[in-house]
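Visitor: Keeping their order, the protein sequence lines are chains A and B.
So that you can map any letter, position 44 of the first sequence is 25 in the numbering used here, and since no number is skipped, the others follow by simple counting.
Each number in the numbering used here comes from the position in the second sequence (counting from 1) with 66 added on.
Worth flagging that the hints you see were computed from the coordinates, not collected in a lab.
Virtual Cβ for every residue (Gly too), placed ideally from N, Cα, C.
Keep in mind that a hint or two might mislead.
[As the list claims (entries may be wrong)] Which chain B residues stay away from chain A? Per the calculated CB distances, all over 10 Å, these:
1. D258
2. N292
3. A488
4. D571
5. L578
6. V722
[Said to hold, decoys possible] Partial list, computed: chain A residues near chain B (C-beta under 10 Å):
7. V(-9)
8. I(-7)
9. A3
10. V50
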Amino acid sequence: MTVRHSETGVVILEDACAVEDAESLLRLLLATPTPAIDWTSCSHLHTAVVQVILASGIAPTGRCGDAWVRQWLAPEPP
Amino acid sequence: MSALQEQFVTEARELVRQATDDLIALERNGASSERIDGVFRAFHTLKGSAGMVELPAMSLMLHAAEDLLAGIRHGTLGVNAEIVDTALACLDQVSRWVDDFEDAGALPAQAGADGRAMAERLRSLLPGRAVQQPRLPAPGSTPGGILGLPEWVLRLIATERGALASSMQERPPVATAICYEPIAGCFYNGDDPLQLMRQIPGLLTFRVEPREPFLPLAEIDPYACNLRLQAISAGDFEEIARIFRLVPDQVQIIRIPREALADVAERGKPGDQPLIETILEAQCELLRVPDRTEDFAGCIGAATRVAENALHYGRQPHLADAVGRAGGMALAQRHAGALLSALEQALVALAGRRSPLAADGGARPDATTAGPSERTVDRVLRVSEAKIENLVNLAGEFIVARNALAYSAGQVGQAIGGSEVASSVQRDLDAIDRLVTELHGTVLQLRMVPMAQLFGSFPRLIRDLARQLNKNVALVTRGETTEVDKTIMDRLFEPMVHLVRNALDHGVEDALQRRAAGKSEAATISIVASRIGDRLLLEITDDGRGIDPRVVRNKALERRLLPPIELAALTDQAVVNLVFSAGFSTASEVTDISGRGIGMDVVRAAIEQVGGRVSLETNVGVGTTVRLDLPMTIAMSRIMVVEAGGQMFGIAMDAVSETLRITPDRVSTIKSNDGFVLHDRVVPIISLAELMNLPQQKRDAAAARLLVVVEAAERIAAFEIDAIRDRLDGVLKPMQGLLAGARGYAGTTLLGNGQVLLVLDVKEILP
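If we strip away everything but chain A, and leave its shape as in the complex, we get (with noise of 0.2 Å):
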């Protein structure tokens, strides 16, 4: 399971996400009011998947597990 919901309602992307789970993502999403998402434990995620996640406006809390994603779409704050 590459897309699941913690215990505490967050949803989490764990190992590599591919295009389906962008629709386990969405359908998460749209199940929880105020929705957060965790991306420390992915380590690739597939254009679809950043795309529900951009277009959900949510910014993923920690560390993205993915590096290039991390260095080109979300940089660390200094």
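Put chain B on the given structure of chain A with help from the hints.
Guide: Just chain B now, kept in the frame of chain A:
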């Protein structure tokens, strides 16, 4: 006018209509994010188009409107009537300008001032800080054209300046700019667009944004790619090109010469940028203070100097020059607008790298690189109405020629009937017949337009009227896709406006009365179009107070519309239809009776002119429905050719309800007039020959009489004729030349033998 400009005119009108609808829906039904997005998109596209045809005044004004809508979109501003009013006024201004642009190819001289005034008015509705949102540069406003680089590259360099500066070595590299717009269905092809970007060597900066503003999450299709990916790389051009070799149609790869980045590389003080931005923002604040008349020149001068210095310090000579020029313009115009917008554009150019995921939540709908490539291609061919009209006329002439051929074929048949030549002619005629009918039908189809075009004006009309009358009215339209001939639609507009206005003004009660009557406070007016056979049915219904037949009866009596006995015999239903009679009422009296009446005879006349009928149904206290029964097309009329007094006449089939032969025993004579009973109604018999002052044939008293029963304008009669000659489809031409003033005729058409057929105007000749 160039093709681009023509397209702009057409599109702008469509966008104005769409934005108007959305704005009204926004006000009526509340601000759903989808609706706000709709309005925003319409304004945004309008602004972009205005930029493309170089109408800066329009861009400027729409820019301000966009700011206002962005405020609503971001939730910092609530929708209220004032905002909607102002936004609608802004759209009105756009409409006027589009008209001017179409007529003269340019905006009027005072457009700049008007645009700025409207922009000010729009901005005045913004709460204090909402103006600080990052702005889009107007298309074409970036220091374009240098080094022959496309606009999007320049913009990318400008927006990514900060990131570029930090990732570049001392010496600027020869770089490559990449703009990759994956097709929406790319995920289904197994593509992972980011995967391609990941492979780019020597990446200096990367940027992702939605191509179209993101829809709300609930409506998003996670498998439709809506992204634009842009990057600047110091890597090998050939290698980059190889990465994208499979998506050549979706990617643009451009070499950036060293010089283009020189400016960026030199700027080694990233820490200064916020300071420069703050200085510019402060100048903007200063300039936005209204009513600075006394120290105006000083204020503009100081703001220009400060901003110029700050920009020079930040090594932004282009921006500094632009601000300097704008300052001069502002001084000359005695208006801060030009300087303000130059400063805002400088701020955009300065806006350094922002992380799409961190800074503003990623929801950045403002596609800063919006270019012509993203415009959806409408697979529709636009043809001028005149050309279509020409084609329709030609097809009409063709039918006349066909009729002539049919006549000749008939003669051939008579002369050498049964011969091979005759049957060959007949066969060919049949083929031509089929083709001509098909051609005519197809050509007429070209003029068919959906009712949505007509309905489009009503939300605005109803909103404005309802506000004026202080009534709460919702409009419901159905059957927008029903198609009708353009000519008919054009003629429908005025009567419809009349009917809707009447419904609102007189039909709908005010909130107090509605509550007292146990109705919901918001009234509903519905306009429904439907197709019944080859007729179009339009119903305008309100749930207002209805029309009291007693009041109409009294009024009709007072006005002597009908002899009292006839009036007494009329059903309530027939009585309310008297409101359509000419002279039923005049404006001053209308409001006393329950509503309708103003110019209803005018409505009826207009509807009948296009071959339609109008009727009315009402229930006191419940509401009123006006029903318009219209032909779908007026280009072709079905005509019955009859003979009377040795002459041929045409009667439009629309008016004919029946043809029959009756034996003399069914005819009863009242005074000197003949009549008979048909479906429980007494129908007077009128000799057509007598009516047209033609010699009458001697009739065998015992022979059956041939009658055509016609109905028009609520009257019925049977024309006695000698024979029915033909039925034909013809193009009715209005009476021209000497005959133009002749009364009693609807027009002429040609018979197969070339003879002119006079078509009777039944309504006119019915006694």
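Visitor: Hint by hint, say whether it matches the structure.
Guide: Okay, the hints, checked on the actual structure:
For D258/B, the condition that its CB be more than 10 Å from all CB atoms of chain A is violated, with the nearest at approximately 5 Å. At roughly 7 Å, the least C-beta separation between N292/B and chain A is not larger than 10 Å, which violates its mark as non-interface. At roughly 72 Å from the closest C-beta of chain A, the C-beta of A488/B stays outside 10 Å, upholding its exclusion from the interface. The claim that D571/B is not at the interface with chain A holds, since no C-beta of that chain comes within 10 Å of its own (minimum 46 Å).
Distance check on L578/B: its Cβ is at least 41 Å (rounded) from any Cβ of chain A, clearing the 10 Å threshold; non-interface status holds. The claim that V722/B lies off the interface holds: its Cβ sits roughly 62 Å from the closest Cβ of chain A, which is beyond the 10 Å cut-off. The criterion of a C-beta within 10 Å of any C-beta in chain B is not met by V(-9)/A, whose closest approach is roughly 16 Å, and the hint is violated. About 17 Å separates the beta-carbon of I(-7)/A from the nearest beta-carbon of chain B, more than 10 Å, and the hint is not met.
Nearest Cβ of chain B to the Cβ of A3/A: about 4 Å, under the 10 Å cut. The hint holds. For V50/A, the interface hint holds, the least distance from its beta-carbon to any beta-carbon of chain B being 8 Å, beneath 10 Å.
Figure legend: structure checked against the earlier numbered hints; hints not met, in rising order: 1, 2, 7, 8.
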